[in-house]
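Student: Here is what each chain is made of, one letter per residue.
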Amino acid sequence: MSWQWFHRLGSPRWFYQKSSAWLPWLGAAALLLLTVGIVWGLGFAPEDAKQGNSYRIIYIHVPAAFLALAGYYIMAISGAIGLIWKMKLSFVVMRAAAPIGAVLTFVALFTGAVWGKPTWGTYWVWDARITSMLILFFLYLGVMALSGAFSREQSGDKASALLALVGTVNIPIIYKSVDWWFTLHQPATLKLTEASTIDPSMFYPLITMIAGFYLFYAWVLTLHTRALILQREWRTQWVRELMGTSSAARG
Amino acid sequence: MSSFTPESNTAAGSPLLSVQGLCCERDGRQLFAGLTFCLNPGTAIQVVGANGAGKSTLIRTLIGSVSDFHGDISWRGRAFPRGVRSMRAELLYIGHNAGVRRGLTPLENLAWYGASEREACEALEAVGLFGFEDLLCQQLSAGQNRRVALARLYLPDPAPLWVLDEPLAALDVAGVQSLEARMEAHLSSGGSLLVTSHQPVHIQPLAQVDLADFQPPWGGTLDDARDFPLAASSVDREVRHG
Amino acid sequence: MPGQGGARRAVRFSRLPGFLTLLRTEFILAARRRADIVNPLLFFVTVLAMMPLGIGPEPEMLARMAPGLIWVMALLATLLSQESLFRNDYEDGSLEQLALQSQPLYFPVLAKVLVHWLVTGLPLALLSPLLGMMLNLGAAGYWPLFVSLVLGTASLSLIGGVGAALTVALRRPGLLLALIIMPLYVPVLIFGTGTVQAALDGYSFGPQLAILGAILATAAALAPLASAGAIRISLEN
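From first to last, the protein sequence lines stand for chains A, B and C.
For the first sequence, position 238 matches number 238 in my numbering, and the numbering has no gaps at all.
In my numbering, each number is its position in the second sequence, counted from 1, plus 1000.
In my numbering, each number is its position in the third sequence, counted from 1, plus 2000.
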């Protein structure tokens, strides 16, 4: 069967065993990039002329916001693959991606609020991007709540995958409409500067941080997927053998 | 009632529905494995098994509502899932939830299933609901509601394959006898029948498939072992569908 | 020959409820459950009557808030009434019978959503001038409010139908339904209130209505498909 490789790819067991090999390398690369980016961005990048040192929070805020949105698409695409090709693994990836994405969205919102205090003088502003981020957070919560609401795992998988897909269709519409809403309601006193051209000395550490966040995301997603695989397949022979050997090794 | 073997029915020609090595699971628990039988024109099969043995899951797999299964099912030689469509075109299914809308009258319910008023009246008379056709179904008793669903069997030109999940439940003695007569008439006109029932069904010819004979093996290959419970779960997960 | 007979019977038997039969059945059912029609409207009016008690009776403030308040309440009223959209049919098995037919579920879903809109969204829109008056809405806002509610609540019914189909197999979906559907309502809310606001500010509200219409067209094309998929998933449960 020519499709056999595909189904093996979809087998959680196969993924668990293969990922063991490259997982440490991925983690090491992510941590290395993050360390370099943080030290570079917080320690060596120049101070901003207007905002002083407070701008440095973009080294967390921007990569988190990037991945919050990308994570939703990663989640939805895994769900779609699961719905179309009935791959068990991709549903597990979808479930694993949801809380990670939600946490990243929360981090983006939180750092945005912390950044807003010195910049705008208030923690929360109904700015277009913040509002969109908040709605994205709600979308994540919806997918997580729906996937947890079914007692039958497969139904939860499929239902939340469909909801994630519906969300994907909606996200561009939501972003556009929130943008429009904001231009309509923008108070004159609160002038938000568009992200002006950024100096290369500030930009390179940012790029490093974004790359580091992507690798970190991939690492955490793999870890979480592996944990969910063990949780789902705890009845199977191979998980029991795995658990048996590891506890035997420890004991 | 003879104990069923797959070979005993194959003489009558090509089977309508054939099931080979079917395994179904629910909530990660394997219900049965290696289920093999075939259903020919003019014959009936009664599926028996304890509560939670997977009768309803089997029925819902065979009508294509549940798509998670291992093994082969085919309808007129066409394998599932491709065969589902042509099977459904020739299917009359009455499930545990019988498809009777409580906010409609029996007459309106049958009209929703495509019956003309005259056909619907005749069918309702045949199930003993003459005089009730204009009451709302929510005002009728459980047995009468079941009869409204069963009235679909008395509409002219019924579909060749009947799949009935516990059709005898809530029926009185006369109702059971009349339904059995209708089933036999259906079989003798070349139709076929798949039925689950806890009560004995007195029709000829009838073969039985007992799900207890197809318990999943406890040893077996790694792949088979995937969804075995460590201990027999006493939780009845089939409450919803009986 | 049984084969030929089977084919002939199949043609006869698969005569399904057509779109008009589906619509008529839904109307009959809706007409016999009048409380389901009246309760969302009463909710809409009652909660809006609470608003001045909560935020104070100053006419200027009420006038400023009126479009948003009326729209948010329309959102909630639609959402609350949507929970039962597929529930009865799921529980009595007729949804499964529909899913067994060879025709796509798109049209049955569309028929149900259409009737839902006719008995909740449209009456809400018809009531809106009364509420506009109670909340001191400017005279320029009445017509845009009505038209935007007519278009917007139809989209809300369609989008909410996806949520109702996704949660129909769950025992108590109420709050979960709100959680998964509310974010998807955002564009309709923004352009609905935007229509009224533009009219009150003396601008043309045509563009906003056009966008609401575009949202409605997209929702009418896609939402029943998603609902149909969700129904099949729920029936597998």
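Bear in mind the hints are in silico, worked out from the structure with no lab data behind them.
These figures come from a predicted structure and were not determined experimentally.
It cannot be assumed that every hint is accurate.
[Claimed, not checked] Just so you have them, the derived chain A footprint on chain C, three or more residues with Cβ under 8 Å:
| no. | segment |
| --- | --- |
| 1 | 2055-2069 |
| 2 | 2085-2097 |
| 3 | 2222-2230 |
[As the list claims (entries may be wrong)] Counterexamples of contact, computed for chain A against chain C with all Cβ distances above 10 Å:
| no. | residue |
| --- | --- |
| 4 | W22 |
| 5 | V36 |
| 6 | D48 |
| 7 | L69 |
| 8 | T122 |
| 9 | L139 |
| 10 | F150 |
| 11 | K158 |
| 12 | W181 |
| 13 | W219 |
| 14 | W234 |
| 15 | G244 |
Just so you know, even glycine gets a beta-carbon here, dropped at the ideal spot from N, CA and C.
Student: Report the numbers of all earlier hints that the structure fails to satisfy, in ascending order.
Tutor: Checked against the structure, the hints that fail are numbers 1, 2, 9, 10, 11, 12, while the rest are satisfied.
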